[in-house]
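Starting from the two chains in their separate frames, assemble the complex, guided by the hints.
Sequence lines, in order, name chains A and B. Sequential numbering from 0 applies to the first sequence in numbering that gives the first Met the number 0. Sequential numbering from 0 applies to the second sequence in numbering that gives the first Met the number 0.
The set of hints was computed from the structure by calculation and includes no laboratory data. Glycine residues also receive a C-beta, built at the ideal position from the N, C-alpha and C atoms. Don't take each hint at face value.
[Unchecked claim] Only pairs whose alpha carbons sit at most 27 Å apart, straight line, appear in this in silico DSS-like list of lysine-lysine:
hint: 1; chain 1: A; residue 1: 193; chain 2: B; residue 2: 284
hint: 2; chain 1: B; residue 1: 363; chain 2: B; residue 2: 331
hint: 3; chain 1: B; residue 1: 578; chain 2: B; residue 2: 228
hint: 4; chain 1: B; residue 1: 331; chain 2: A; residue 2: 161
hint: 5; chain 1: B; residue 1: 228; chain 2: A; residue 2: 198
hint: 6; chain 1: B; residue 1: 284; chain 2: A; residue 2: 198
hint: 7; chain 1: B; residue 1: 578; chain 2: A; residue 2: 193
hint: 8; chain 1: B; residue 1: 561; chain 2: B; residue 2: 578
hint: 9; chain 1: B; residue 1: 435; chain 2: B; residue 2: 331
hint: 10; chain 1: B; residue 1: 459; chain 2: B; residue 2: 435
hint: 11; chain 1: B; residue 1: 363; chain 2: B; residue 2: 284
hint: 12; chain 1: B; residue 1: 223; chain 2: B; residue 2: 459
hint: 13; chain 1: A; residue 1: 161; chain 2: B; residue 2: 228
hint: 14; chain 1: B; residue 1: 520; chain 2: B; residue 2: 171
hint: 15; chain 1: B; residue 1: 171; chain 2: B; residue 2: 223
hint: 16; chain 1: B; residue 1: 284; chain 2: B; residue 2: 520
hint: 17; chain 1: A; residue 1: 161; chain 2: B; residue 2: 459
hint: 18; chain 1: B; residue 1: 520; chain 2: B; residue 2: 228
hint: 19; chain 1: B; residue 1: 561; chain 2: B; residue 2: 284
hint: 20; chain 1: B; residue 1: 578; chain 2: A; residue 2: 161
hint: 21; chain 1: A; residue 1: 193; chain 2: A; residue 2: 161
hint: 22; chain 1: B; residue 1: 331; chain 2: A; residue 2: 193
hint: 23; chain 1: A; residue 1: 198; chain 2: B; residue 2: 520
hint: 24; chain 1: B; residue 1: 228; chain 2: A; residue 2: 193
[To be verified] From chain B, some residues computed to sit far from chain A (all C-beta separations above 10 Å):
hint: 25; residue: 89
hint: 26; residue: 92
hint: 27; residue: 160
hint: 28; residue: 178
hint: 29; residue: 223
hint: 30; residue: 233
hint: 31; residue: 372
hint: 32; residue: 398
hint: 33; residue: 438
hint: 34; residue: 442
hint: 35; residue: 495
hint: 36; residue: 564
[Stated by the list, open to error] Pulled from the structure, derived: some chain B residues nowhere near chain A, Cβ distances all over 12 Å:
hint: 37; residue: 31
hint: 38; residue: 134
hint: 39; residue: 162
hint: 40; residue: 174
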Amino acid sequence: MIRILARYSILFVLTLLVLAVMSFSLAYLFPGDVLENLTGIVPANDAQRMALERQFRLDQSYIVQFFYYLTNLFAGDWGYSFTSGIELRDEIGVALPATIELATYSMVVALVIGIPLGYYSGMRCYSTSDYIINTSSITTYSFPVFWLALLLILVFSLQLDKAPLSGRVSLLFNVEPVSGFILLDILLSDMQNKSLAFKDALSHLTLPTIAIGAVSTASMVRITRRSVIDARHQPYIAAAVSRGLSGWQIFFRHILRNALLPILPLMAIQITTLITNTMIVETLFSWPGIGNWLIQAIYQRDYPALRVGMLAVSTLVITLTITVDMFNRLIDPSREKYEHAAI
Amino acid sequence: MMSSVIKRLAVCASTALLVVSCAKQNKQPFYNTGVVYCSESNPVTFNPQLDTSSTTSDATSHQLYDRLLDFDPDSGRIVPSLASSWLVSDDGLTYVFQLRRGVAFHTTQFFTPTRNFNANDVIFSINRWRLDSHPFHNVSSGSYPYFESLGLADNIADVTRVNGYRIEITLKRRDSSFLANLATDFAVILSEEYAEQLFEQGNPSQIDQLPVGTGPYRFESFRKDSYIKYLHHEDYWRAFEGQALEESSDDSDNILASEQGAADSADVKVETGKKASGSSDASVKQLIFDITPRSSLRLAKLMTGECDATAFPAQTELEVIRNREDLTLAEKPGLNIGFWAFNTQRPPFDNPNVRRALAFAIDKNTLLEAVYFDSASRAKSLLPAASWAYQNDADDTAYNPVLARSLLAEAGIEPGFSMTIWAMPVERAYNPNAIKMAELIQRYLREVGVEANIVTYDWKTFRRHLQEGLHDSVLIGWSADNGDPDNFYRPLLSCGAIPSGTNRAMWCNEDYDRLIDAALKTEDLDKRRAIYHQVNRLMYERLPLVPIAHAYRYQAYRNEVKGMTINPFGGVRFGGVEKVL
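For reference, chain B alone in the conformation it holds in the complex (with noise of 0.2 Å):
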């Protein structure tokens, strides 16, 4: 009778054993036709034209579209993507591109191109952000922050159609980070034809939701909270690494230097891009990103092979990617910077005093430690060690109680003054626990005597709030899109990030501003280094922000990815990506 009952629970235990043993099924090939990427959230848009957030443009950026320059991941210089080449007039103030010829749009169920991309998609993509009058200016939310951010479209005069693939863009001052911005994240290229044909079915807001690109994948299907799904693009026109490369046959790549070069004694840039071929065998059918948004949660998906490469792993899972063979962790110091942000419109913090005081109750080394687990380096401006125009003996505040509390006395604060710590409620490189770096601060603050609230809500409403400047102080930070230093001061700081919400001190100094435009009117970059210490200088002052670190980027993969890189610019790549066994 005994045994009888042990053999039935033998049964029943060994059925549910090999239910749960016959159930592991990774090592079909079926599994290695799609790579699956945990993300740590939703996209706010499918147009990375319109958000400036990490979420959006590593979705969007570089699997849907394609700009018309790139920066090479490795030495950060600036390649041909959609333009094949380019030629800048004397002055800075003219810019010809030439473009690539043979580029296919996506073929989805909801647009079948009829013509290959030209001068207009061109035209009509930098138009939709550059002219308020533009029909697609105002679709979805009309704000194209980045650009706003840096002033760009106050700055480009016109932009011409000289033939089908060749457009002319003037501009109206000496920019030299220029070329730059139109290789970021931002700088999408989208189907004129696509929008053309929303407009007339007078659906135009579709563009940004049911997007139509260049890029390496094309848009199957978006639920929120739960997943993306992108399909191979058959006809990308670029080869990428390990498949076969054709020389371009097709002269039309270099007419551009030949005939302009001869005329006019030009700065001349060419570079022959690759010409597409054999992209279509790829491998890699699919491309899912499965939006996990605890981090915790993407390591284990990582490590059961339910995904195949993570989204920033969180500092203190490092050490467990690193110990397991059949991961791959790459690190990358990042071009990027967490800091805290006053609200310089908000009194009592429109007083630099104030915010000093606050700067000096803190200390940024526990900071370091307990947030980032020294996987960061100490911010004292706001660009880092790998920029050229790196300050390294720039002022910095150290941590002194003492002066704190004799500053904030003579400032006026009493004892028990209030104030609220917006804290990020997403994971960056630059801020990775945003809540515990706001609960440390609380309790710095505390022993100068003021009462720090913390306050976080979802990313998207968080980001309206703060846009609608709501908050006292804010833990936030910025990745840069490119390397231009520029690209730090600019957005963060200077008077126009206001509106477009990168300027999370909501801190306008004329000073600033006319130091940060000097500095890209000069070519000297000895000169323009001098302009930016200036500018540091400037900012220990006044304290719009407390920098607080710049921390490496990380990228969590399994072995069987073949060909992920870290890309310092910006957004995830995942064309040319395979998975092999």
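Here chain A stands alone, though its shape is the one from the complex (with noise of 0.2 Å):
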């Protein structure tokens, strides 16, 4: 256990060093001033410039410019952006939450409806309504998430002007960013209008999570009923029909739990996809997220804001691929035989 935890440590820091080496270098890679790349600061005057450059010791070696910048990076001083001149820190504390909220929503539908589907698609197998859920899966998991998402806008925000088609709620409410995920900021402020706000947030929700959920959905489908096909051929259930045990008691005993094993490190890899997906449709509905920020971030070749944005993101997809992957192992003794920690 301790071993385990060591090995996906180590795993971990290992490669967020390297990230950290990358976004360091981008400062040298990306055209311009490597000063201003780096810190996001226009030096007004030569002393500054001077000043400047000895405190991020961009006088001395590589090693210790970027052991510096390492130092920089965990104290939260993380630069400036060149267009807004706010600190990304903070610029990244408002848009990351908003990301992860999005992509949280979408994989709890993905998974409230994915999973049971799978479970009964994968029962009922080569049955009508298995081919019916198989062949829509498929579908829907071959659409193009950015498509999905723009046919939805047309079609519920502009045909049927059923759902608003930009941001996380109407501006006209005043909500106090605490946690950063907008519904549970409604909850926690002391506005007035807590309950129509909540609609309304929960209504600038609703096409986005469905455009990125459906394709989660579609694979976590597929991924179950697969992995339930692959339970029922196992030779304890031929055993456990031999016993005499119904279908209901094979089910509940022997292929539900033996079938969710295989499903978590899939899912690992569907969280990249998810992180992805869900950065291309904010870009669409206006979510004032991550990948939104990115995308602005190029247009105005905001080398600072690129710089740190990569490596927030990454930091992210690393993060929970790394505890996914960490938790199965831990919960899998089967896995026993894998002796080193692997992503």
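Next comes the structure, spelled out in structure tokens:
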């Protein structure tokens, strides 16, 4: 147990270190001045430039510079955005939770709808209902996520006028950001029109959640279905049948938990897709998340923002993936034979 | 079995639909308490003195602030605002303004005023841009492009306080456009008390970031690329149409006229303003600028009701808006010009023949059709037809690639010569799609053997680089701030406008400056017109810029919004706007 934890933490730290090196080297790889790319501050005069260069150790070797960069990252001193002049930590602190929120709800939708449907269709495999579910999941899975999002906007927002197409909540509501999660923030706030705001936020959430959730749901159905079918072909099922257990007993005692085990590692892979999809859909729904923010940074050639944004997103993905994988390893003793931690 | 699946699917689908259909709550009265305006970009600052971009003045000028004088949007006449009346001396050099009493500044989270508006605020606001030695002059950028481009600061001899509610401004030279300049979006009145407080706290630049004014809305919060929130100013002095009006019982407004008018036979203009009474019960409590750079998204938001009004609908979208019953499209010929300016300080563009050659290489009519979709008229000189000094028979360049090629050869430009065309990254009425226009021009130039590279940056960087003169040529334009012809000629091409960054051609010509100065000293309109015709001729010969189009101005809003008007003289106004179902 401790060894596993240690192995995973070493893997985690090393990956982050590599990412930090890459993010640091971006300051040199991006066009323009290294100091400006690194800090986001445009020095007003030579004296200020000299002072900043000394402060950021730019007059010393790359190794020293990098370690100073690392200490700054840990201290939360991530530099400033070129375009807004606001501290990047603050900007990411607002944008990242918005993305995580959207991804979380989509994941919840995918789990709540995808896993039961997958079980159902796996238990009834090669029946008509299985074919229907399977076909529709393959179809949904093949939708490009941005196309689905645009279609939803076109039908539900512009044609039927049922749901808003941009933002997290109507700007008329003043929601104080506490947790960064809009629904939670509304519940925590002491505003007058709480229930109205909550409904408003839900209506803003609906379409993007469906757009992102659909693809994840489809893949969840397919993963679960395959896993259930595999479990049903195990010898212990045949043994259980021969012992005379009823269908429900077999399902609850032998299939339910055994089928879940292989789903978890696949979910870890899904997280990457989920975050990527969220970032794409965000830009379509003007969701003020990290994807939208990065796109703006690209348009405006905001190099410090790109540097830190890339680091933040990859750290998020790595953290989630390694955590899920480690969790999976801890609860699944059969994976004991794999000596090394792996992503 | 089959049916149970279908049942389940049906249940899922209908729950999803239910969620969606419950979601639409826009009929709730709460949604009528605020107006959402989809604007196209971030304001550079919250003080329009510091910036001439219309994004900044749209967001601030008529929302947060008042000016001494205003333009009547319909007649274009100058009407009283914070100055309830004024008086001009015979020689045209002394202006006396009587100030309105009982005008309250905004009470916000960061400032609580202890006194009402008075003469000190006017003196502070004017001296801030006028005097280099003023403690606030160098705060923020320290540059006041509008006033600098007009050389207004140099022309004011003094601004003095006569008493708490009366000030006197003395000019050095006669300036027939002086009152009009005080009524522009940029001549806003700031709070001297607030400035004093910030100065003591050692944080003077806050005055331009957390603004305080006397306008109909007060500042609440701003998030870049996202929104600006304003709250209704409860003690606003002006009562809007449709709300209870009460004639001024305070005679102070008229004192000036009776005293001075009798004393010397000076030119007296008095207009009594409407005094505020019931403006605090306005239904609109919030004004929100939803910053949406993409024009198609602004239209989509307007259609779903997420925005109540939008800035700069694209020419391609006008038909869509006209065809929708729930939207209104207001239209007015605008006081603006879109042009292609050459950096005349960079060789070979310092040679007038090269500039003429390039002007003859392009077909303006195609540009008008392809970029403006015929919602603009062809520009011959700087002035649009709406101006009184418009010259119908002004010389204009015509499409003539043969002439262009021979002019280029004469000037010693080899085929394959490469230059840059800077295309502004934002949409403006005067140029709704500069990048597309740049691409068209690129093709025309290729025909005459010139390779053009298109350059664009984000708006802020773009303008900074332009001011540094890094461009060969640029597609940009100008929206006038008042109807005076001088407001086109001086900021766009005079020598004094180079440092302030409105003279995109970086062109300095003594004859030109002499002529437009002469026009300003002339009261006789016919004589002035004749001088401007001479200027047009000079411009045609030297061609520092190619005038392309005068665009109509459009504003799209939902039918629920009442009281919106197009302001031809500058920024959008939300004072008095209401939402009715």
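Q) For this structure, which hints from the list above don't hold up? A) Hints 4, 11, 15, 16, 17, 18, 22, 23, 29 and 37 not satisfied by this model.
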